[in-house]
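Chains as they are written, first to last, in full-length UniProt numbering: chain V, 1 to 256; chain C, 1 to 546.
If you are wondering where the hints come from, they were derived from the structure by calculation, not from laboratory data. There could be a bad hint or two in this list.
[As the list claims (entries may be wrong)] With a straight-line Cα cutoff of 16 Å, these simulated EDC-like cross-link-like pairs (lysine to aspartate or glutamate) come out:
1. Lys181(V) / Asp28(V)
2. Lys181(V) / Asp202(V)
3. Lys320(C) / Asp107(V)
4. Lys114(V) / Asp126(V)
5. Lys137(C) / Asp119(C)
6. Lys131(C) / Glu201(C)
7. Lys482(C) / Asp86(V)
8. Lys181(V) / Glu3(V)
9. Lys174(V) / Glu198(V)
10. Lys404(C) / Glu198(V)
11. Lys320(C) / Glu109(V)
12. Lys67(V) / Asp55(V)
13. Lys404(C) / Asp86(V)
14. Lys137(V) / Asp107(V)
15. Lys137(C) / Asp26(C)
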Amino acid sequence: MTEVLRLEHVSKSFGEKQVLRDINFSVDSGEIIGYIGSNGAGKSTTIKIILGLIDEYDGDVYVFGEKAKGTIDYKRRIGYVPEVSDMYDNLTAYEYISFIGMLYGIDSEKAVSKAKEMMEVFGISDALYGRIHTFSKGMRQKLSIVTGMLHNPDILFLDEPLGGIDANSVLVFKEIMQGLKTMGKTIFYSSHILEVVERLSDRILLLNAGEIVMDGTMEDVRKKRSDSTLETIFNEVTGFNDHKELADRFIASFMS
Amino acid sequence: MNNTDNFLSLKILDKFQGLFEKIGIDYKVMRIILRTKLVLDSRSAPVIENQKKKENAQENTSFIRRYLLHLIFGALLAFLIYFIKDEMIRMIYFSGAFFFMTSMYLISDFSYVILDTKDKKILLPKPIDSKVVTMSKVLHVLIYMFRLNLFLAGPSLLAIVRLNGFIAAPIFILEILMMDLLIFLVTAFIYLLILRFFDGELLRNIINLIQIMLTILVTVGYQIAIRMIDFTEIQNIAYKFEPHNYFNPILWFGAPFEILFNGGRELYLYIFTILSIVIPIVCFIIYLSLSKRMESLLLKLEGEGKERRAKHRVEFLMGKLFAWNNIKRQAYHFACAVLRSDRSLKLKIYPALSVGVLFPVIMLFNMRVRGDNTAGGYEYLYLYFTFTVFPSVLELIKYSSAWKGAYIYYSSGFQNTKELNSGLLLAVTLRLFIPLLLASGAIYIFIFKGLFINDILVIMLASLVILPVIYRIVFEELPFSKEIDASNQSKNFGRFIGSIAIVGCFVAPHVIFSKINIWIYVGVLIIALPVSWMILMPNYNIKGTK
């Protein structure tokens with residue numbers, strides 16, 4: 001086990017609004033991290049900072065033992081599946097894949113044959129020559145997963161990767177995650193679907209209002225709290241306990 | 001919706017409320033749907049004129065501005081027909097121009113209404129009769145066409161009344177209605193046909209092509225059109241009947257005027273008149289019976305549609321020939337693919353490119369008009385004006401409608417921008433600039449025969465040498481990484497002038513060497529070519545942030 005990622009005192013504000021406050025954690029190779037938090041808690045911002053999409057922040061990020069800010073090389077070894085799959089969607093999948101290949105220094109044929117194989121697993125290889133903007137949400141997402149993993153990265157950042165994906169493919173995807181873990185790949189998994197996070201992750205990082213409020217393995221977390229599911233822990237830690245009243249209010253106005 | 005009722009068209013429609021209710025249409029619901037559609041229209045500018053818009057989306061003032069071009073065109077048309085003496089010829093000119101402009105505008109601006117499937121998805125789950133939805137769609141298109149009519153044909157109506165008296169007005173208006181109907185139906189039939197045999201992608205491509213052509217026509221094409229019309233001649237020509245004219249709707253509409261105002265008694269005039277009324281109505285009946293079929297074909301627009309897998313052989317071959325390393329070749333193919341498929345980008349690029357052909361041609365036209373018919377020996381220099389489009393087109397390459405996809409440059413850590421840029425420039429050169437230069441060159445060879453062949457060759461070579469330099473000056477962003485709608489605000493005039501100045505530097509040696517020995521200059525350019533492409537290619541670091 002070697003450390004592949006470490007954040008030290010990372011803070012970030014957009015104007016007046018502080019999005020991240022003094023974030024500290026480190027991740028070893030072969031770990032699957034479940035990175036959770038409410039909407040606007042700062043999850044995507046954290047990922048963007050690590051990826052270098054945002055490079056004005058306080059504190060330090062180390063990837064593979066080296067300071068990430070302003071450097072490029074580490075990016076060849078990380079993969080990213082963004083939450084909203086923005087792509088050059090006028091292109092066909094084929095054209096887009098070979099473009100992505102270029103960015104990672106993989107030649108076209110190899111990139112396409114590799115991606116085609118991966119797409120076949122997800123049952124969308126027929127769409128290789130279709131324009132991406134004609135794809136359904138699930139197909140898009142699958143393509144986004146494929147292109148995010150094309151270059152055999154050592155760390156994967158997955159931001160809500162299962163949106164719109166059918167149940168069978170979700171099953172395959174979970175197996176893939178476990179398999180990659182045994183290959184020593186690190187997975188940084190951010191999602192709102194807590195059941196999946198719970199089942200998949202070795203370790204949970206819970207972010208609330210820009211701060212890490214919980215960090216530990218599922219067992220640790222369970223031991224510390226009396227609650228049994230990640231969902232109830234999530235509610236408790238984020239101080240959310242009036243869901244019943246809110247629901248009642250909604251129903252009351254629904255019936256009126 | 002606070003500005004409830006400032007749509008004149010709806011107020012007019014209100015007068016016919018009873019009529020709609022008689023045929024079983026819930027007028028109130030239809031009116032709400034229609035009003036919503038009109039509000040949506042007023043918020044989105046039409047394709048051709050979204051140039052200056054955006055800043056002030058004031059709905060009422062923009063109405064006049066939006067139709068200003070139509071009005072100018074309509075006035076020109078009225079001016080033209082006012083001077084034509086023959087009743088038939090006059091209406092032929094009018095209906096020819098009217099058919100052309102109306103159908104182009106209809107296809108370019110209103111295809112999305114005819115082809116819309118979204119409103120069905122939104123409206124049909126609600127408790128609304130589908131008849132109401134269909135009728136609101138037809139009315140929506142018709143309101144658009146009436147607005148168009150008002151500006152395109154309004155001035156001509158005045159001209160006709162001035163020539164033939166008030167009695168001509170109702171006939172003219174009726175004919176306009178028939179033409180509208182015919183145009184709408186023919187457009188719909190063509191869509192139907194394309195969808196029947198091909199897929200939605202092809203139809204979208206065709207619509208995009210029409211939009212590009214219309215933009216070119218409106219921005220620069222009229223320059224040529226005006227110069228081509230010989231005013232002294234058309235005043236006096238007379239119409240001669242041929243049997244095959246029955247098949248040309250443009251010729252039908254002059255007949256009633258010929259009969260009424262010029263005492264025409266020939267049989268074909270009566271047949272024309274009957275055709276001009278019967279055919280649109282028959283088409284309308286056919287359309288109504290086909291509209292169910294149309295709806296089901298429209299679903300094709302949403303399907304993935306098996307892309308006809310084009311091979312792009314030439315593109316592939318060129319990549320093999322000119323891009324010797326992997327990254328450059330991949331960048332080249334990527335750029336080709338975007339240039340081929342990004343419709344909003346194409347809509348900006350091709351009109352900009354067309355200026356390049358037109359510039360030298362207009363110069364030549366002006367020369368002719370002045371009466372210089374002999375080639376003075378320096379006309380080839382006009383070809384350098386073609387180069388003025390290089391900076392403006394290269395500037396556009398940083399935009400894309402899918403610009404958000406550019407995050408991938410940053411997240412991948414890609415750094416080889418030199419190869420990326422040279423692949424990109426190769427794609428732009430091969431796909432856009434070489435065809436442009438060939439077209440201008442062909443026009444020169446057509447006009448001057450073999451006179452300037454050497455010079456054309458030199459100019460082409462020079463353009464290839466200049467391109468990386470201009471590219472370096474104009475381009476400082478990642479390709480296809482900026483929002484396309486922003487492409488109008490950031491015209492960098494300084495850079496533009498700078499690159500024109502560089503072009504100027506190439507004109508002088510051309511003139512000087514053509515006095516001594518042009519082949520020495522060719523040699524110099526051939527040596528400079530690889531140097532320019534290898535050394536001057538922009539090379540910068542991709543910074544972290546977006």
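Notebook entry, point to check: Which hint numbers does the structure go against, in order from smallest to largest?
Noted result: The structure conflicts with hints 6, 10 and 14, although it agrees with all the remaining ones.
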